[in-house]
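J.: As you go down the protein sequences, you meet chains A and B in turn.
Letter 169 of the first sequence, counting from 1, is numbered 169 in my numbering, and no numbers are missing.
Take the position in the second sequence, starting the count at 1, then add 1000; the result is the number in my numbering.
Honestly, the hints are just simulated from the structure, not real lab data.
Where hints are given, some of them may not hold.
Computed list of lysine-lysine pairs in BS3-like fashion (alpha-carbon distance at most 30 Å, straight line) [unchecked claim]:
1. B:Lys-1264 / A:Lys-166
2. B:Lys-1264 / A:Lys-174
3. A:Lys-190 / A:Lys-314
As the structure is a computational prediction, the values presented were derived from the model and not from experiment.
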Amino acid sequence: MNKKKSILDSNVFYTLIAIAAGFIIGAVFLLIAGISPAVAYGKLLNSIFGKPKYLFWTLIYASPLIFTGLSVAFSFRTGVFNIGAEGQFVVGGLTACSLGILLDLPAVIHVPLCIIAAAAAGMIWSLIVGLLKVKRGIHEVLSFIMFNWIAFYLSNYVVNLAVIHKEGGGEASKDVLDSARLLFPEGVRKALDCSAANWGIIMAVAAAIIIWIIIEKTTLGYKLKAVGFNSNGALYAGINADRSVLTALGISGALAGLGGAVQILGMSGRLSQFAGQEGFGFEGITVALIGSSSPIGCIFSGLFYGAMKYGGSKLSIVKAPSEVVDIIMGCVILFIAISQIFRVLFARFGKKEGK
Amino acid sequence: MDVIIKDLGLLINATLIATPPLLLAALGSCFSERSGVVNIGIEGMMTIGAFTGAVMGLTTGNGWIAFFCAGLAGALFGVIHAVACISFHADQTIAGTAINFLGPGLAVFLCKAMYNNSSDTPAMDPSCKLPKLFQGVFPAGSFWSNVLNVYSVAYLVFLLALVCWFVFYKTKFGAHLRAVGEHPEACESLGIDVYKVRYTCVILSGFLAGLGGAFVTLATINQFRPSVIVGQGFIAIAAVIFGKFSPGGATKACLLFGLCSGIKTLAGQSNTVSPNLISMIPYIVTILALVLFVGKAHTPAANGKIFVKSK
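Start from the sequences, fold in the hints, and give me the full structure.
T.: Listed below in structure tokens is the structure:
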């Protein structure tokens, strides 16, 4: 009885059911489109697990998502909603890319400098919104949306500047200098048979552990959670709510900025001009939700999303629209969202049974 | 002087074309938010509306039928959001995020399934699109001809803004929806069916967002592409917060965004300033306007909170 209850109380149980339901609905749509779900899902699984190098690609895809997921999860835990991770990710990537192209330094200095600058850029981008909220009472969701678009156009503007733009390189920047890249040494990459294998995933896991420690084991984390839970109560307990909101948003923004740095210095090596937002920040919301806003959960949900994204990109080979991944992910989030009521129902049912 | 007047006409025209999709979505968002349900899924609802509009325009050849069907498609997503948020007590932000994945995902998925793996629908014949009013009434190239070179739906949309204002402040339903968003428990004790009011408002917001999306595919351009709705849904939400959650305020905010978008369109044709810098203007103007003039918005008190019926 006790064991059964603990299963029904656990987030993981509902998350797994939601994921299964998402795949079932995805299969229904594949059938409607006249595509065999077995073929499409088979291709999806094969593209993730078929070869060891596919798994490394999954890790590469997952790294920036774990960072944006952590960013959003941290904001959720501290009572603000960072819908601006998208913009912070973009300015982080932009900063890392620009410094990676313009500066010529030894790798020991170049890499940390680019990473720290990207985190600072994400933090500043988020703190401006925090200051607008604290000083002028402006709704953070509104200013985050504005700052996402400002970051988007700023990035497209910088990509086209003469010092950054690659001559005849289409709509992309020059390549980041090798001294700023986060790639594994060439020998290791050859051995792994994966040209973009990089330190990003290790940084992401380290960041998740650090954030877990901050939230669960420090006074700072306790204060931030208290403000998120009840800002008036926290104020009464002598916690400066304004400062807490700013601290929370600053850390959250820095995490998203780091995600941008990992994407540019790790996987892509350059910045492209985009027609629409890339969506790493919005995908971070999903990662945070599937990971139940827990930093450790974000590692697993980030890996899941990274796998789906990488596997999904190969679906066109079997003529299945890769957008089925969006449908599955959308359903997963929806089912996680409505799982709360089942928890309440099961709890009530359990009580009656106990009598 | 003539050139300036002509350009002014073109600018007003560009504003009148850019505003209606935002305004439709924003009016819908007003209903939802004021009744106490946060709807950040507007973007997804607009995209599915844009797709449905294009497909129905291509198949029926009648712009008006297509426009209406797009509203129904948006409303269907409104139903999903309403069921999740109201009956299943889901977190409204999370459910909205899900809609933002489902809407665009489903639209492009179905488009590829229907049109030979292409993410764009074929272009529509002008006769399938929504008609223009005042065509050929004024001499070509004159100020009024430039200004009024607008699809007839645009006028209806501005009329609709007026209707929404009337519903909000002059009808019993409007009073109920505003009250339900502030203090649902009190409303329930007075015998108002909170769930019914909220369901109506959320489904209506989906319907209007669907129409907004279809305006883009059936009037502004003539086909569906994955990039037709990029951020308009979020801009509409911003306009609602900017306009302090009232239809009148949202209308003014949408006109401001529309004007900025119009400036962008016209300035983009000359190559003196980077179009990317011009594109930033609306967002910077919004922030400055908020800091300098508007200040704190009163969010409906029960917005985003789960309300459980007491039987």
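J.: Could you run down the list of hints and mark each one as holding or not?
T.: Evaluated hints:
Among the hinted pairs, Lys-1264 (chain B) with Lys-166 (chain A) is consistent with the structure: their alpha-carbon atoms are about 26 Å apart, no more than 30 Å. Taking the CA atoms of Lys-1264 (chain B) and Lys-174 (chain A), the gap is near 28 Å; set against the 30 Å cutoff, the hint holds. Under the criterion of a C-alpha separation no larger than 30 Å, the hint pairing Lys-190 (chain A) with Lys-314 (chain A) is consistent with the structure, at around 22 Å.
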